[in-house]
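Enquirer: Letter by letter, the chains look like this.
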Amino acid sequence: MTNHQPSPAGPETEIAKQDAMTSLELRQIQKSYGAYHALRGIDLDVEQGEFIVMVGPSGCGKSTLLKTIAGLETISSGQILINGRDVSHTEPGERGIAMVFQSYALYPHMTVAENMGFGLRMAHRPKDEIDAAVMRAAKILRITDQLDKRPKQLSGGQRQRVAIGRAITRSPDVFLFDEPLSNLDAALRTQMRVELSSLHAKLGATMVYVTHDQVEAMTMASRIVVLNHGSIEQVGSPLELYRNPANLFVAGFLGAPRMNFFEVIVDSVSGRRATVSTAGLVPLAVELTDGASVQKGDRLTMGVRPENVNLASNPAAATFSGQVRLVEHLGRETILYVDAGSLQCVSSESGTGNVTVQIGHVTGVSNDTTIGLGIAPRDVYLFSSGDGRTISARKSILAD
Amino acid sequence: MTNLWRRHRWWLTPTLLIMPAAILFAVVILASSVESLWISLHEWDGFGPMRWIGFDNYRELFNDPQFYVSLKNNVIWLVMFMLAPPLGLAIALLVNQKIRGMRFLKSLFFIPLVLASVAVGVVFSWVYTPQFGLLAIIFRFFGATAPAVLSDEHFVTFAVVTAALWPQTAFCMVLYLAGLNNLSEDLIGAGRVDGAKGWNMLRHIVLPQLTQVTFIAIAVTVVGALRSFDIISVMTSGGPFGSSSVLAYQMFEQSIFSYRFGYGAAIASILFVIMAVFIVWYLTRIIRAEERGA
Chain A
1 MTNHQPSPAG PETEIAKQDA MTSLELRQIQ KSYGAYHALR GIDLDVEQGE FIVMVGPSGC
61 GKSTLLKTIA GLETISSGQI LINGRDVSHT EPGERGIAMV FQSYALYPHM TVAENMGFGL
121 RMAHRPKDEI DAAVMRAAKI LRITDQLDKR PKQLSGGQRQ RVAIGRAITR SPDVFLFDEP
181 LSNLDAALRT QMRVELSSLH AKLGATMVYV THDQVEAMTM ASRIVVLNHG SIEQVGSPLE
241 LYRNPANLFV AGFLGAPRMN FFEVIVDSVS GRRATVSTAG LVPLAVELTD GASVQKGDRL
301 TMGVRPENVN LASNPAAATF SGQVRLVEHL GRETILYVDA GSLQCVSSES GTGNVTVQIG
361 HVTGVSNDTT IGLGIAPRDV YLFSSGDGRT ISARKSILAD
Chain B
1 MTNLWRRHRW WLTPTLLIMP AAILFAVVIL ASSVESLWIS LHEWDGFGPM RWIGFDNYRE
61 LFNDPQFYVS LKNNVIWLVM FMLAPPLGLA IALLVNQKIR GMRFLKSLFF IPLVLASVAV
121 GVVFSWVYTP QFGLLAIIFR FFGATAPAVL SDEHFVTFAV VTAALWPQTA FCMVLYLAGL
181 NNLSEDLIGA GRVDGAKGWN MLRHIVLPQL TQVTFIAIAV TVVGALRSFD IISVMTSGGP
241 FGSSSVLAYQ MFEQSIFSYR FGYGAAIASI LFVIMAVFIV WYLTRIIRAE ERGA
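For the protein sequence lines, the chains are A and B, in the order given. Position 264 of the first sequence, counting from 1, maps to 264 under our numbering, and the rest follow consecutively. Position 196 of the second sequence, counting from 1, maps to 196 under our numbering, and the rest follow consecutively.
Just chain A, same shape as in the assembly:
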């Protein structure tokens, strides 16, 4: 046994030791099942203390990637380094990781304390050291009164705490979370989300977290990794990804309600500005990002977030108009699904080509009301039709 059991001495000393060190490194990870490529060359560097959230639609490979980091799945090619040590072919128990499973995966025949101490017991740690580590983790998670119970006697939220506690007890170099909150009800999920964030702040440990819930991704991540079809689409901070999506996929994946997409044609190009239009929409002159080049007649996809579509104060200010098909009052804000005639949304959330509009609380708008709506050119995203790359992003008013 290569004696790599991280010391449970407390995270502070570890941080000092590993300051500014790359905690987890993935190099060209490939995983294929026969002809099916689940992971197609994943490269990622995770710094010590980062909270990385991997998101993507079902089947994008995010869970497979997490399992390869854990060592529960072998990789077809590539390299995995944890704290600079190549663990690509190391047993899961010797990688210095701990994992929290979606199903909690608590050992049903062991008490909570035995569950939490099992990893250290397997590492032949002395009993008082195990007890101390279990007690420390139980205190952090406030489950000291549950230690003698069995998993069956606990509620879903308590089981989740025990599963997290079991990970903490091992003092791993990297925590891995596989959709840990998806079995909890909505209220508990919100609460656990906050607790996990503060736990991360408290432990300062490196965490890799897989979810399909973009709210979890946006709220918890120091950096988000967006995966699709076994490849990384983009890596960046939540706001970076929200404001400057690298492509159509990321733009459509992050943000709720989803971004509106329209097929547009380039009418003219002058300098860094392209004028785009489509039936039912007043032409918009949009500034392009550096390095992007378009030509007159090019077909592009235009994206506008629902919160950037405004009610026009007067008909002259409207860039398009339509009839309201559905109104959703959420209290502080209102979401309108607008049938804009010939201006049809591509694969919009409302499904029927309606434009989604998110505005503050309004009254007097009901079904079949005809309204004028405005889109400002600076709020528009443009994506090339071929590869979906972003060629113009929203010019945020708040520079950051």
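Hints in this document: simulated from the structure, not taken from any laboratory. One or more hints might be untrue.
[Unchecked claim] Beta-carbon label-pair distances, calculated as ranges:
hint, chain 1, residue 1, chain 2, residue 2, range
1, A, D148, B, L94, 33 to 41 Å
2, A, D213, B, V223, 19 to 27 Å
3, A, V215, B, P86, 49 to 57 Å
4, A, D148, B, S237, 52 to 60 Å
5, A, M110, B, I216, 17 to 25 Å
[Said to hold, decoys possible] In silico lysine-lysine, DSSO-like type, Cα no more than 27 Å apart, as pairs:
hint, chain 1, residue 1, chain 2, residue 2
6, B, K98, B, K197
7, A, K127, A, K149
8, A, K139, A, K296
9, A, K152, A, K127
10, B, K197, B, K72
11, B, K197, A, K67
12, A, K296, A, K395
13, A, K67, A, K127
14, A, K202, A, K139
15, A, K127, A, K139
16, A, K149, A, K139
17, B, K197, A, K152
18, B, K197, A, K149
19, A, K127, B, K197
20, A, K67, B, K98
Note that the coordinates shown come from a computational prediction; the quantities given were computed from them, not determined experimentally. No residue lacks a Cβ here, since even glycine has one placed at the ideal position from N, Cα and C.
Dock chain B against chain A, hints included.
Expert: Using the frame of chain A, we list chain B on its own:
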């Protein structure tokens, strides 16, 4: 009518659903058991009138040396049969590996299950034959002479139990194979992350998930050991001189060959009591385990 049904269906529905099984159980198991007990208090040749003799059959039984030979053999059966669950588990773990050719090997281990135990008895009789049997060939290879195990009163029961262990082990293997297929992948994963490997993985993660299977395997094996009959009938007919007989066989022999149905019924009653003790112990353990929530 409909109102009557609606008011009473909370108890009528379960009663109606349980009724067929309850009636069958009452007629086939309960009534026959009670009648057996009743017969055991009589002298009866199976045809003529029954004569009440009270506990005379039991008195005779407790003074019958053959009864103690049979009882001792039942204990040997019981103890040796307890090898079947661990052996079955070991083979199940072996053939459950994802190795090329393992499916073929697995099907070989299945064979004794499809054989009638009479056939198993015949096959093993040949194995034990002193002139040309497999055992004789093995002994000859080492330059020794094989004992005639089936005609030696000291070896005969062990030889018969060994034969009976073959299908019993295969049965336990099938139970464990089914159990192994139902292991939680996440629990195994959690165990691997926690550093459990090899024996520790088996002991702390796999076996606890197979507790229910083990319960069933032990129960079936105990019952199988206590009611062993057909393979003895084929291989030795209880011989030589009743030295391989067990309670079930002695009961059969007394009733059918000696026309002593009353005496046979007394043996059956004793066997029933032994089984009942075990079954009560077994059921209490299961109920307690369920209450614990394990």
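Enquirer: For each hint, tell me whether it holds in the structure or not.
Expert: Against the structure, the hints come out as follows:
A hinted range of 33 to 41 Å holds for the C-beta pair D148 of chain A and L94 of chain B, which are about 38 Å apart. Distance hint check for D213 of chain A and V223 of chain B: the Cβ-Cβ separation is about 52 Å, which falls outside the suggested range of 19 to 27 Å. Range check, V215 of chain A to P86 of chain B: Cβ separation about 51 Å, and the 49 to 57 Å hint holds. Look at D148 of chain A against S237 of chain B: about 58 Å separates their beta carbons, and that is inside 52 to 60 Å.
At roughly 23 Å, the beta-carbon separation of M110 of chain A and I216 of chain B lies within the given 17 to 25 Å, and the hint holds. Our distance criterion of 27 Å between C-alpha atoms is met by K98 of chain B and K197 of chain B, whose separation comes to about 17 Å. A distance of roughly 19 Å separates the Cα atoms of K127 of chain A and K149 of chain A; the hinted pair therefore holds under the 27 Å criterion. A hinted pair counts as satisfied when its Cα atoms are at most 27 Å apart, and K139 of chain A with K296 of chain A does not qualify at roughly 65 Å.
Taken as a hint, the K152 of chain A and K127 of chain A pair is honoured in the structure, with Cα atoms around 25 Å apart against an allowance of 27 Å. Among the hinted pairs, K197 of chain B with K72 of chain B is inconsistent with the structure: their alpha-carbon atoms are about 42 Å apart, more than 27 Å. Restraint check for K197 of chain B and K67 of chain A: satisfied, since their Cα atoms lie roughly 18 Å apart, inside the 27 Å limit. Straight-line distance between C-alpha atoms of K296 of chain A and K395 of chain A comes to about 23 Å, which keeps the hinted pair within the 27 Å bound.
Taken as a hint, the K67 of chain A and K127 of chain A pair is broken in the structure, with Cα atoms around 30 Å apart against an allowance of 27 Å. For the proposed pair K202 of chain A and K139 of chain A, the alpha carbon gap of about 13 Å is at most 27 Å, so the pair holds. In summary, the hint linking K127 of chain A to K139 of chain A is supported, as the alpha carbons are separated by about 18 Å, within the 27 Å threshold. Distance restraint check for K149 of chain A and K139 of chain A: the Cα-Cα separation of roughly 16 Å lies within the 27 Å cut-off, and the hinted pair is therefore satisfied.
Annotation: proposed proximity of K197 of chain B to K152 of chain A holds, straight-line Cα distance about 25 Å (limit 27 Å). For the hint pairing K197 of chain B with K149 of chain A, the CA-to-CA distance comes to about 26 Å; that is within 27 Å, so the pair holds. A threshold of 27 Å between alpha carbons decides the hint, and for K127 of chain A with K197 of chain B the separation of about 20 Å falls inside it, so the pair holds. Distance restraint check for K67 of chain A and K98 of chain B: the Cα-Cα separation of roughly 20 Å lies within the 27 Å cut-off, and the hinted pair is therefore satisfied.
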